[in-house]
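Trainee: Chains as they are written, first to last, in the UniProt record's numbering: chain D, 1 to 352; chain U, 1 to 214.
Calculated directly from the structure, the hints in this document are not laboratory data.
Careful: at least some of the hints might be erroneous.
Below, in silico cross-link-like pairs of lysine-lysine (DSSO-like), each with a Cα-Cα straight-line distance of 30 Å or less [what the hints assert, rightly or not]:
| id | chain 1 | residue 1 | chain 2 | residue 2 |
| --- | --- | --- | --- | --- |
| 1 | U | Lys-22 | U | Lys-110 |
| 2 | D | Lys-246 | D | Lys-162 |
| 3 | U | Lys-25 | D | Lys-282 |
| 4 | D | Lys-240 | D | Lys-282 |
| 5 | U | Lys-167 | D | Lys-323 |
| 6 | D | Lys-278 | U | Lys-22 |
| 7 | D | Lys-240 | U | Lys-113 |
| 8 | U | Lys-113 | D | Lys-278 |
| 9 | U | Lys-113 | D | Lys-282 |
| 10 | D | Lys-282 | D | Lys-351 |
| 11 | D | Lys-324 | D | Lys-351 |
| 12 | D | Lys-278 | U | Lys-25 |
| 13 | D | Lys-324 | U | Lys-167 |
| 14 | D | Lys-278 | U | Lys-110 |
| 15 | D | Lys-278 | U | Lys-167 |
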Amino acid sequence: MCEEKGKPSIQYTRCRYEERRAKAAFKCVPVLVFTVARNVLKFSRAPSRMAAPEGSSVEVLTVSLNTLRSLRSTVTQFLKTLAEGPKYENNQDGEGDLLEVTTKAMGEIRNKLRELETQMAGLTPSSVPVNLGNTGLLSLDPSPDKLPQYYQLLDCYTYMEKVHSYSTTLHSVLSANNLKRSALSAKRRRPIQLNHNVPQQQVDMLIQGINQMFQDMNLTLSRPFGNNAVVQVALGRVLKAVVTFKGILIEWVVVRAHNESLLDEDGKVDLYTPSQYKVFQKVTDNANAAMLNFCSPGFSDLSVRSFFTWLHSFVSLFTDVCKKCNYHLHNHMPPTWREFRTLDPFHEECKP
Amino acid sequence: MGVTVLQIFPDSSRSGCLETEKLHKRIMHLDAVQCGMFTVDCDTCYTVTQTGNNRKLHIVHNSETPTTTYAILDTGTKQITLSADYLFDLLLPRLDFMYQSKKNLKIESKGAKYEIGDFVVKIGTVTMSGHYKAILVEVEYLPCHTPALCWSLMREFMQSFMGSCVKPTLPSYLQNRLHDIHTPQDTVQQYVEKFNEIREGTTFAGTQTTGSGS
Ligand SMILES: [Zn+2]
Chain D
1 MCEEKGKPSI QYTRCRYEER RAKAAFKCVP VLVFTVARNV LKFSRAPSRM AAPEGSSVEV
61 LTVSLNTLRS LRSTVTQFLK TLAEGPKYEN NQDGEGDLLE VTTKAMGEIR NKLRELETQM
121 AGLTPSSVPV NLGNTGLLSL DPSPDKLPQY YQLLDCYTYM EKVHSYSTTL HSVLSANNLK
181 RSALSAKRRR PIQLNHNVPQ QQVDMLIQGI NQMFQDMNLT LSRPFGNNAV VQVALGRVLK
241 AVVTFKGILI EWVVVRAHNE SLLDEDGKVD LYTPSQYKVF QKVTDNANAA MLNFCSPGFS
301 DLSVRSFFTW LHSFVSLFTD VCKKCNYHLH NHMPPTWREF RTLDPFHEEC KP
Chain U
1 MGVTVLQIFP DSSRSGCLET EKLHKRIMHL DAVQCGMFTV DCDTCYTVTQ TGNNRKLHIV
61 HNSETPTTTY AILDTGTKQI TLSADYLFDL LLPRLDFMYQ SKKNLKIESK GAKYEIGDFV
121 VKIGTVTMSG HYKAILVEVE YLPCHTPALC WSLMREFMQS FMGSCVKPTL PSYLQNRLHD
181 IHTPQDTVQQ YVEKFNEIRE GTTFAGTQTT GSGS
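Take these sequences, add in the hints, and give me the full structure.
Mentor: Structure below.
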C-alpha cells in the first residue's frame, strides 16, 4: 500500500500531459479520454483511503491492486498510442487504422474497469474509518501539486492513531497492579478505545448527559470545524467557557466572565481570546491544568465528566472562602483553585 | 460593568485632603496603580408646579460614561432613571417652565482612580458649590455582575483599606437589587442617594455645623 501512494500523482501528471498532447491531435477523443482518466484516478485513490484490512480481505486487496495496475498500464498505452500514433503506421490508411486500434484499447479499458469495480465491491472498509471531516475533500482536488498533501495528511493521521493506541495499551499495562493475578488477565478485556476519532453521536450523548447532571450549568454543542465538537458553557451568572474537543478528548479550555461574549465579531465561536479579567485568566490556566490532570486515555468519558464536575464547582467562585486562610481575597483574587477530588476552594498561594 | 459599592469615608478632622492622602497611601500599599481621574456631578432641579408634591429631577454626569446624561426623576418614594445622549443637557433649559435648577445645589465628587487586580477604586472628594463636604469612595469589582454573589468579597476588600467604617450589612440600595445584573444606572442612582445624604448632612459626622469646610 505504501508503494502505491506515491504513484497516482506521477501517473496522473503523465496522463494529463499526454492527454494534452492527444487533445491537440484529435479533437473528438479528449472528452472520452478525460472521463476514463478520471475514473482510473478515482479508483486508484479509493483503496488507499481504507485502513488496514483484516485477514482474508488482504488477498482481495492484492488482486484488486494488481487489476488497478494493469488498468493503468492499459490507459498509459492507450494514451501513448493516441499521442504518437499507431506503431505500424500506414501512410495511406493512417486515420482508419488508428481508429481501429483506439476502439480496441477502449474496449479493453472498459473491461478492466468493470473487473476492478466488481473486485472493489468485495472489499470492506475498515471498521473505524479515519474521519477527516472537510480535510477529506482534499482528495478530490485534481491539481497535481496539491495532491501529496492529502497523502501526507493520511500518513499523519494514521501515525497519530498509532501513537494513541500504543499509549492507551501502555497506560493499561502500566496502571495495572502486577502483583495481583487478576490484573494480568483483566488487562485485555476492555476493547481499546480510540479517543480522538469517535463517532459524533458518542460525544453528543456524553455532553447531553453532563448537561442534565447540573441544573445551573448549560452546555451548548456545535461543530464549526466539521467533526470536532466545541462546547459553550454558561455557568450560572458567574462565568462562561468554551471547551474544544478533539474526538472525545478535551483539547483546549477558555474561561470568560458572564458578560463577555463567547462569539467573535463574525458570530463564530471564539476559541482563543482570553478574558480581560485577571480572575478568569487564572481560572482558564487552572482549567487547562485540570483538563490535563483528569485526562486518562482508558476512561475518556469519565475524564470529561470529572472535568465538567470540577468546572461546575466554580459556581461559587465569588462566594467561597479559601479553605486554608478563611478569607475571600488573597492578592485581590478570590479562591481560583479547586482541589481535584474534594473540590475545596483554595487561593493560588494557599494550594495544599 | 461590574458591581459598584459606594462608601462615605468618615473625616472627623474635616481636613479633606489629609484623609484622602491617607487613603491614597493605604491603597498604594495594596499594589494599586493610579490610572487617571474621575468626576461625577449632579444638578438637582425642582418642580415648580402648584400641586405641591415635591418632585426632584437629578441630572447626573459620570466621567466613566462621558457621552451619557442621566436624568433621575425622584418622587420621594420612587426613582425613575433615564439614560440619554449628552444633548439632553441642551434640551433641559427648554423645560425650565417645569423644572427650576438651584445653582447652589450642584454637587460633585472628584478624585483619583486606581486599579488593583480586578478592582477599581475611586477616591472622591465631594464638594457642594465649591465647599468641601465629604470623602466618597467608589469600589467596583469588574468580573462579577450580581451583587448577591460578590458582596462579602467586596466588603472584605473595602475593609482592607477603609477599616471598620465599612458596615457588614449590604447597602440598602443593593439590598433591593441583590440578584439583578448591575448596570451603570445603578451606580449613578447610588451616587444620587449618597449626594442626598451628604446634602442633608445626616451621615457625615463633620457637618453638624453647616458652612465652609476649608
Ligand atoms: Zn487562602
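Trainee: The structure should be examined with respect to each hint, and the outcome stated for every one.
Mentor: Each hint, compared with the structure:
1. Lys-22(U) / Lys-110(U): With a Cα-Cα distance of about 16 Å, the restraint between Lys-22(U) and Lys-110(U) holds, given a limit of 30 Å.
2. Lys-246(D) / Lys-162(D): holds (16 Å)
3. Lys-25(U) / Lys-282(D): holds (28 Å)
4. Lys-240(D) / Lys-282(D): holds (14 Å)
5. Lys-167(U) / Lys-323(D): The hint holds at about 24 Å.
6. Lys-278(D) / Lys-22(U): holds (27 Å)
7. Lys-240(D) / Lys-113(U): holds (29 Å)
8. Lys-113(U) / Lys-278(D): Holds. Lys-113(U) to Lys-278(D) sits at ~18 Å (cutoff 30 Å).
9. Lys-113(U) / Lys-282(D): holds (24 Å)
10. Lys-282(D) / Lys-351(D): holds (14 Å)
11. Lys-324(D) / Lys-351(D): holds (8 Å)
12. Lys-278(D) / Lys-25(U): holds (24 Å)
13. Lys-324(D) / Lys-167(U): Given that 30 Å is the threshold and the Cα spacing comes to 25 Å, the pair holds.
14. Lys-278(D) / Lys-110(U): Answer holds: Lys-278(D) to Lys-110(U) is near 27 Å, not above 30 Å.
15. Lys-278(D) / Lys-167(U): holds (27 Å)
Figure legend: structure checked against the earlier numbered hints; every hint is met.
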